[in-house]
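Novice: Residue strings, one per chain:
There are 4 protein chains.
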Amino acid sequence: MSLNSFGHLFRVTTWGESHGPALGATVDGCPPGVTIDEAQIQHWLDRRKPGQSKYTTQRREPDQVKILSGVFEGQTTGTPVQLMIENTDQRSKDYSEIAEKFRPGHADITYWQKYGIRDYRGGGRSSARETAARVAAGGLARAALNALVPGIEIRGYMTQIGPHGIDRDRFDRDQIDANPFWCPDAQAAGEWAGYLDALRKSGNSVGAVVEVVARGVPAGLGAPVYGKLDTDLAAAMMSINAVKGVEIGEGMAAATLTGEDNADEIFMGNDGQPVYSSNHAGGILGGISTGQDVVVRFAVKPTSSILKPRQTITKSGEAAEIITKGRHDPCVGIRAVPVGEAMMACVLLDHLLLHRGQIGENRGRIG
Amino acid sequence: MSLNSFGHLFRVTTWGESHGPALGATVDGCPPGVTIDEAQIQHWLDRRKPGQSKYTTQRREPDQVKILSGVFEGQTTGTPVQLMIENTDQRSKDYSEIAEKFRPGHADITYWQKYGIRDYRGGGRSSARETAARVAAGGLARAALNALVPGIEIRGYMTQIGPHGIDRDRFDRDQIDANPFWCPDAQAAGEWAGYLDALRKSGNSVGAVVEVVARGVPAGLGAPVYGKLDTDLAAAMMSINAVKGVEIGEGMAAATLTGEDNADEIFMGNDGQPVYSSNHAGGILGGISTGQDVVVRFAVKPTSSILKPRQTITKSGEAAEIITKGRHDPCVGIRAVPVGEAMMACVLLDHLLLHRGQIGENRGRIG
Amino acid sequence: MSLNSFGHLFRVTTWGESHGPALGATVDGCPPGVTIDEAQIQHWLDRRKPGQSKYTTQRREPDQVKILSGVFEGQTTGTPVQLMIENTDQRSKDYSEIAEKFRPGHADITYWQKYGIRDYRGGGRSSARETAARVAAGGLARAALNALVPGIEIRGYMTQIGPHGIDRDRFDRDQIDANPFWCPDAQAAGEWAGYLDALRKSGNSVGAVVEVVARGVPAGLGAPVYGKLDTDLAAAMMSINAVKGVEIGEGMAAATLTGEDNADEIFMGNDGQPVYSSNHAGGILGGISTGQDVVVRFAVKPTSSILKPRQTITKSGEAAEIITKGRHDPCVGIRAVPVGEAMMACVLLDHLLLHRGQIGENRGRIG
Amino acid sequence: MSLNSFGHLFRVTTWGESHGPALGATVDGCPPGVTIDEAQIQHWLDRRKPGQSKYTTQRREPDQVKILSGVFEGQTTGTPVQLMIENTDQRSKDYSEIAEKFRPGHADITYWQKYGIRDYRGGGRSSARETAARVAAGGLARAALNALVPGIEIRGYMTQIGPHGIDRDRFDRDQIDANPFWCPDAQAAGEWAGYLDALRKSGNSVGAVVEVVARGVPAGLGAPVYGKLDTDLAAAMMSINAVKGVEIGEGMAAATLTGEDNADEIFMGNDGQPVYSSNHAGGILGGISTGQDVVVRFAVKPTSSILKPRQTITKSGEAAEIITKGRHDPCVGIRAVPVGEAMMACVLLDHLLLHRGQIGENRGRIG
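Protein sequence lines, in the order shown, are assigned to chains A, B, C and D.
Residues are numbered in my numbering as their position in the first sequence, beginning at 1, plus a constant of 1264.
Residues are numbered in my numbering as their position in the second sequence, beginning at 1, plus a constant of 1264.
Residues are numbered in my numbering as their position in the third sequence, beginning at 1, plus a constant of 1264.
Residues are numbered in my numbering as their position in the fourth sequence, beginning at 1, plus a constant of 1264.
Treat the hints with care, as some may be off.
You can't tell identical chains apart in this list, so a pair holds if it fits in one copy or across any two.
Claimed, not checked - No farther apart than 35 Å at their CA atoms in a straight line, the calculated lysine-lysine pairs in the DSBU-like style are these: (1) Lys-1579 with Lys-1330; (2) Lys-1572 with Lys-1318; (3) Lys-1313 with Lys-1579; (4) Lys-1357 with Lys-1330; (5) Lys-1465 with Lys-1579.
It should be emphasised that the hints constitute simulated quantities derived from the structure, not laboratory data.
Bear in mind the structure is a predicted one, so any value in this text is a computation, not a measurement.
Turn these sequences into a full structure, and let the hints steer you where they fit.
Specialist: Below, the structure is given as structure tokens:
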């Protein structure tokens, strides 16, 4: 069994390999009546597209999405939406080396151990190219979310590359789109440029931390106890290639706090909605959204494909050395930003639909 | 919709409230022919039981499990196993305060906003008491795992309480059961005792980090791309009450590494199985187990119920101050250790069954 | 893997064996705020209870339901509702014969072939006693349905016993509760009494047809194309013990009709809702409810436990003769009536919740 | 929520509309290592293809399948298999009439009532064209089944058209492919030809009964109690367009039998496997396969698109008369034969994988 779907009601199944004819997302459960076209989805895909700066892989794919079903006269019909992206940059490359040798840090060896067969071309199914399909589905999810919850806003950005983090005091939302790192701190972005340049030239790579924040999320989303909003977000982010850690609100640092410090005190806002003194919880209590910003962070490991020689074995068990040539991201975390945003959009829409299914919105009133 | 189940083939549904007549786990999909009785499950429940030291809540529940179905003459039959724990310590307490006021850091306000009704007695469904049902299910999962994969071993322990972490150089497996903190570092355990004593007396609480390691896991478990082993472990751990972050292998620290440093190089072992120079990956590549130790870590936030007065509001929107009296854990992370172990057992058994369903075990051979 | 759950959002998991300590239903996804107590559920269980006439098994079980979770101060809370029925009539009977011999028509041989172990006491998990749990869950579903769709009404009755069918011209709803057969035709009921008496005395049994009709179902329920309302109803009814055929509307007889005859013509009703000239479709078009009566029919095979000697084999493969003594229903179809009603209630509630999740109710207006 | 997937481990999601750019099946959970190519799948699609005789619709679609993912060097890899069929016969037709009027017997009105929008061109998602995707998925399922269970054989045929049934005494397997009706009775086939000719000329249509039989199914498949083999088959067949009834073994006629007559007595065969005196049960006891032939029957209603004028209403609620012109099947049941076979193949493979996941094959031995 493969498990290539996620979501409860808004259900996304991605399919396709890095170097096969196409890849895509089969989206089932999108509400009808959402205005959507290929251009809207393309907008989000273009943000993830490779080759946009020297800091991401130079593979050049137009990543052009086609809507094959589920949309009629510019609106979703409630039937499955098929989003297909054809693979065009399938260079006739020599794959004989990676067909035999397992690249350290890659899924080569485990796919082989699990399935006994693998499409080794460009990593096949385990390639980060799979995330293009997520971004396409996320574009549709955003359109539906915006229609159902006006004012909702999802934004991802980098907070750390290697040992270099941003300074929260210099956080500026407007900077995020102004540099090739989705970095909200202009000064950090400048430093990262030099750091990554040196890494890239040395054939090395580095990890990163991405933060995704959703504003305007209604209170009440999340299905305790195993479909909590944070549970589903953790799964969504951990399923992205190369992610090794996920945090909600304070995250791992919550371990260091006292109960007194960690308490987000509650007050009544002027608009008759609760407000909080702080947001250690990351907008989620008991698995259910509070109405505050939903804050998720995840760590992406360094790109495993590097020019540094590493020891490995072949399929026949022989010792071997490998250098992974080709066009690779020195920091794969950069392109994970739009992917994290897409996953946030899908999870939020899914929980919005679940919540409506149960009880209508915000049934319990305060005051 | 609530989502009170987890697992694909080994499917656990927990039910019950903190102060209702009973709680339990309905376990569907346990393989037939597993030798099990109530005493075996009780063994694991007793490890989680409150009131075992002054560092955990003084609520005294025997937490006695009853098997109501699915077991015949000491063996599972392949039909659902109902594990029930009756609630006996239901003191006739005055709940009028928490019926009206929302406790900061608790799910009181969000359950109200979502459902418009909540069983406020002891936190109802959102109480950590729900985890007793997980531990019971985990006991059954362990029995099945041991029968199917001889030699598999799952062990959890604390690595940090508040700002105080263990010293990995002093790591001693035998210490874990020798102190009330499941701490593998005897010296740290001593320091934690004093630290927690002071916290408890001051009516405060603190967070913690728990690590769970599985040894002897066969290669090949995990279902890419949305049922990856790490994805399901992240969801399983994040669904535990008060957890705010989950890490696999290097976790968040992966962000700081270079690709060269992060590569787990591969060699051929003497037994004809691959061995690795290191385990930055935490035993999982591309979502599939490598055969190395599977390493998961999670952060538990400080207990929200503290004696320090905090600001909040009432159901009618009035400002109020609240002190959460009662019997509480100064560090709820301590009792999360057996819960983390139980979730690991359930996830591994689930993926073992999935893997067998698809292709038999370890189909791809090396060498 | 067992699959002991049904429903998408209103999800019922039944558990328990005929002669174990208890059986029940774990119901997840019930909307919050539904007024319910044990007496309401008991009302429906009492209709299914054995021993109410000489035409049903003389096993005497009070079938007393207990609500263990999910209800607080008389209302559902949105958390799982555990409905437990303890088994009290566990006579210390000699099961050595059926432990060894496979009863023809029963699941004895297939459970053995599948699981290699079976609780043979009274049929274990494959006993029709499992349906008590369905009826309990159905009682909860009815309460929720009534709260959400005032005026909805679900009614089951027998239309055939052996070769003896009812006369539709004598159909009288008021007769259904007036005889031990849930028969809407008083004259047929009289004939059935004599027919069944003779069968019972001869140690034989007979099959039956049950019809279940739901009135007041809103248009728009059903999720094409694999969760169609008729698809889910077919699965629900076929999952009941001994059911061998399921029909919607015209059912198998649809094969004999021409398109001209089968067309349910559409008109505009006085209340601004569509009305139909006929209901060959059974209230469902393209898997979605039309607003007409939803009509389902199913055939129940004759009770397999009879006093007539039949040939079989033992576990060790020896030829043997078997007579199934004990307290059995000469027509198990009679007690299937409340079970069919319960399944209808669960499926309708489930689809109502799905529909609300997607788009609100009856989005497309006519006129 | 739409529910466009079926299957537990072998999971098929169909997508696409009758007159959109393409339709297809996303198949997740196919075991790796199955030898497959487009020609093998095309073989089954060609059997369902319209325009093969004057008794099926004259729409001419090549229905050419493309494999877009999940297959590498002629073998499945265990990743999702995308099977796409482009729609080529999208005549620029005038759909203004059916855009406004609801065709009786079609899903026009209910899709409108549910979704508030519908792709009316050729029935959109509710068109029987969707079944092409099922047949493609079924072709893959057959290949996997044959690899896992050598000798398994699935065969569908017509047993009734309108009032005219076959004579079981003239049943001849070799006749099935020898006439345009998949009729195993040569004499009946001749009669049907004349009957259908007359119907077609008069612009009318008629219903039919299809029977699908699987031989060589291992004992032990089926997951009680809500994923019984018969339950899943009932759902699978009822989900096919226009199906109104499903029977297993004796089906509805089981109502007329006595227990004595209905008992399939058990004997020990020469090969050490149980044999049965008869197969009233249709190869399934307690939801689990016995090893006998699995026998399913379903009724297909007459094609709703006829040239006879029928009364209906428009979207704005006006009374109207409608004649459904165009290329239609006088008996849509004929083309349902390969669809029923495909659903049988998918369900059997799915349960084979489930069974292997749990306990290996045929764990309980007899003798």
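Novice: Which of the numbered hints above does this structure break?
Specialist: Violated hints: none at all, because every hint is consistent with the structure.
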